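Be aware that the sequence shown starts at 0, since it is given in numbering that gives the first Met the number 0, and climbs by one per residue.
It is worth saying that the hints were derived from the structure and are not from the lab.
What you are looking at is a predicted structure, and each value in this text was computed from that prediction instead of being measured.
Even for Gly, the Cβ is constructed at its ideal location relative to N, Cα and C.
Be aware that a few hints might be false.
No more than 27 Å apart at the CA atoms, straight line, and that leaves these computed lysine-lysine pairs for DSS-like [claimed, not checked]:
hint, residue 1, residue 2
1, LYS207, LYS336
2, LYS275, LYS41
3, LYS41, LYS321
4, LYS340, LYS187
5, LYS41, LYS269
6, LYS301, LYS275
7, LYS207, LYS348
8, LYS276, LYS41
9, LYS330, LYS340
10, LYS187, LYS41
11, LYS276, LYS301
12, LYS41, LYS330
13, LYS301, LYS321
14, LYS293, LYS239
15, LYS187, LYS336
16, LYS293, LYS187
17, LYS321, LYS348
18, LYS207, LYS239
19, LYS336, LYS348
20, LYS340, LYS207
21, LYS293, LYS276
22, LYS293, LYS269
Using C-beta positions, here's what the derived DEER-type ranges look like [unchecked claim]:
hint, residue 1, residue 2, range
23, GLY190, ARG59, 48 to 58 Å
24, GLU188, ARG49, 41 to 51 Å
25, ASP152, SER79, 41 to 51 Å
26, GLN240, SER121, 34 to 44 Å
27, THR283, MET345, 45 to 55 Å
28, GLY112, ARG222, 41 to 51 Å
29, ALA252, THR283, 30 to 40 Å
30, ALA252, ASN80, 42 to 52 Å
31, ASP306, ASN80, 41 to 51 Å
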Amino acid sequence: MNVLLRLGVWSLLLLFVACGGSERNGGGQDEARVVVYSPHGKELLDDFARRFEAANPGVRVQWLDMGSQDVLDRIRSERSNPQADIWWGAPSSFFMNAADEGLLQPYRPSWAGAVEPSQHDSLDRWYGTFLTPEVIAFNSQVLSAATAPHDWDDLLDPRWRGKITIRNPLASGTMRAIFSAMIWRFYKETGSPEAGYEWLLRLDANTKSYPANPTLMYLQLARREALVTLWNMPDIELQKQVYHYPFDYVLPASGTPVLVEGLAIVAHCKHPEWAKKFYEFVTTPESFVIQATKYFRIPTRKDLPRDRLPDWMTRAQIREMKIDWRVFSEKSQEWMKYWDKNIRGMGAKGTH
Numbered sequence: 000m001n002v003l004l005r006l007g008v009w010s011l012l013l014l015f016v017a018c019g020g021s022e023r024n025g026g027g028q029d030e031a032r033v034v035v036y037s038p039h040g041k042e043l044l045d046d047f048a049r050r051f052e053a054a055n056p057g058v059r060v061q062w063l064d065m066g067s068q069d070v071l072d073r074i075r076s077e078r079s080n081p082q083a084d085i086w087w088g089a090p091s092s093f094f095m096n097a098a099d100e101g102l103l104q105p106y107r108p109s110w111a112g113a114v115e116p117s118q119h120d121s122l123d124r125w126y127g128t129f130l131t132p133e134v135i136a137f138n139s140q141v142l143s144a145a146t147a148p149h150d151w152d153d154l155l156d157p158r159w160r161g162k163i164t165i166r167n168p169l170a171s172g173t174m175r176a177i178f179s180a181m182i183w184r185f186y187k188e189t190g191s192p193e194a195g196y197e198w199l200l201r202l203d204a205n206t207k208s209y210p211a212n213p214t215l216m217y218l219q220l221a222r223r224e225a226l227v228t229l230w231n232m233p234d235i236e237l238q239k240q241v242y243h244y245p246f247d248y249v250l251p252a253s254g255t256p257v258l259v260e261g262l263a264i265v266a267h268c269k270h271p272e273w274a275k276k277f278y279e280f281v282t283t284p285e286s287f288v289i290q291a292t293k294y295f296r297i298p299t300r301k302d303l304p305r306d307r308l309p310d311w312m313t314r315a316q317i318r319e320m321k322i323d324w325r326v327f328s329e330k331s332q333e334w335m336k337y338w339d340k341n342i343r344g345m346g347a348k349g350t351h
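Just need the whole structure built from these sequences, with the hints factored in.
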């Protein structure tokens, strides 16, 4: 009996120690998870969730795919009770706003020295992972690079009236960046957005619809309900090469916004240790190569072997539009509110 009693006591002690250690290292099974908010699309998110789970047996990755503005709004609304651990993807201006509002937790990744100073927060609250050029995309069964609009101002030509579809910019980081860039072209010279607003009003006159999500936009373009759209290069490449949509694109001749897409840990998140592991996992050289070759994402890391990156990526000639992203972070919300109230659906009512 004494032997059995001693064995029982030792069993209880071992169970107690095991449970305590598990909690300190990220919790029990119910805590072995990481929640990711991202606009990067279900293909990339599901792929890397599975890869992370395979590399870390017992952990569960939960992801929500939504527009960049939706991510920021959701993290703001959950401030008192954060539900996300990781925010993966959105233009740097969104991360600047979130950092200023205290929504992000500082974390210096192991590869911090491999990116340009302009591609991360000085206090380590976010780091850039991808460079995302914006493009003019078109249905390649109807148009070619020779007949499609070559530059931003070409979109205002009356020949494109009713032939342009644009993802609703209110929820989209990509479209907010493009619209803000169009305003910025004038704002940087005059300090006023008025000429930019006039430009967007003329674009609105040629725009057939503002789909609520990228899928609807792709369908309209594929079905020839519209012939032209504005979007980011990686997603157009993905739809073209993986799903065989009849899409192609041109890089605007005068220059295009090249977004720095960020990554951050949400302040006061519930699974900080798993968040750090996920952060490091999706930014290893191997992960970046997969993201580049399979999902057409241009990495920010300068230490990656160029011979492992796709040929098109190393040869791409992108003329970058010079932009003050701090001004974007401060002004884009104001500019988009004005667009929604005074420009959306109003262009065709004028004489443009």
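Structure-based check of each hint:
no., hint, in the structure
1, LYS207 <-> LYS336, "holds, 20 Å"
2, LYS275 <-> LYS41, "holds, 21 Å"
3, LYS41 <-> LYS321, "violated, 31 Å"
4, LYS340 <-> LYS187, "holds, 23 Å"
5, LYS41 <-> LYS269, "holds, 23 Å"
6, LYS301 <-> LYS275, "holds, 21 Å"
7, LYS207 <-> LYS348, "holds, 13 Å"
8, LYS276 <-> LYS41, "holds, 21 Å"
9, LYS330 <-> LYS340, "holds, 16 Å"
10, LYS187 <-> LYS41, "violated, 37 Å"
11, LYS276 <-> LYS301, "holds, 21 Å"
12, LYS41 <-> LYS330, "violated, 30 Å"
13, LYS301 <-> LYS321, "holds, 20 Å"
14, LYS293 <-> LYS239, "holds, 12 Å"
15, LYS187 <-> LYS336, "holds, 20 Å"
16, LYS293 <-> LYS187, "violated, 37 Å"
17, LYS321 <-> LYS348, "violated, 33 Å"
18, LYS207 <-> LYS239, "holds, 22 Å"
19, LYS336 <-> LYS348, "holds, 20 Å"
20, LYS340 <-> LYS207, "holds, 18 Å"
21, LYS293 <-> LYS276, "holds, 22 Å"
22, LYS293 <-> LYS269, "violated, 31 Å"
23, GLY190 <-> ARG59: 48 to 58 Å, "holds, 50 Å"
24, GLU188 <-> ARG49: 41 to 51 Å, "holds, 49 Å"
25, ASP152 <-> SER79: 41 to 51 Å, "holds, 46 Å"
26, GLN240 <-> SER121: 34 to 44 Å, "holds, 37 Å"
27, THR283 <-> MET345: 45 to 55 Å, "holds, 48 Å"
28, GLY112 <-> ARG222: 41 to 51 Å, "holds, 47 Å"
29, ALA252 <-> THR283: 30 to 40 Å, "holds, 36 Å"
30, ALA252 <-> ASN80: 42 to 52 Å, "holds, 48 Å"
31, ASP306 <-> ASN80: 41 to 51 Å, "holds, 47 Å"
Of the hints listed earlier, those the structure fails to meet are numbers 3, 10, 12, 16, 17, 22, in rising order.
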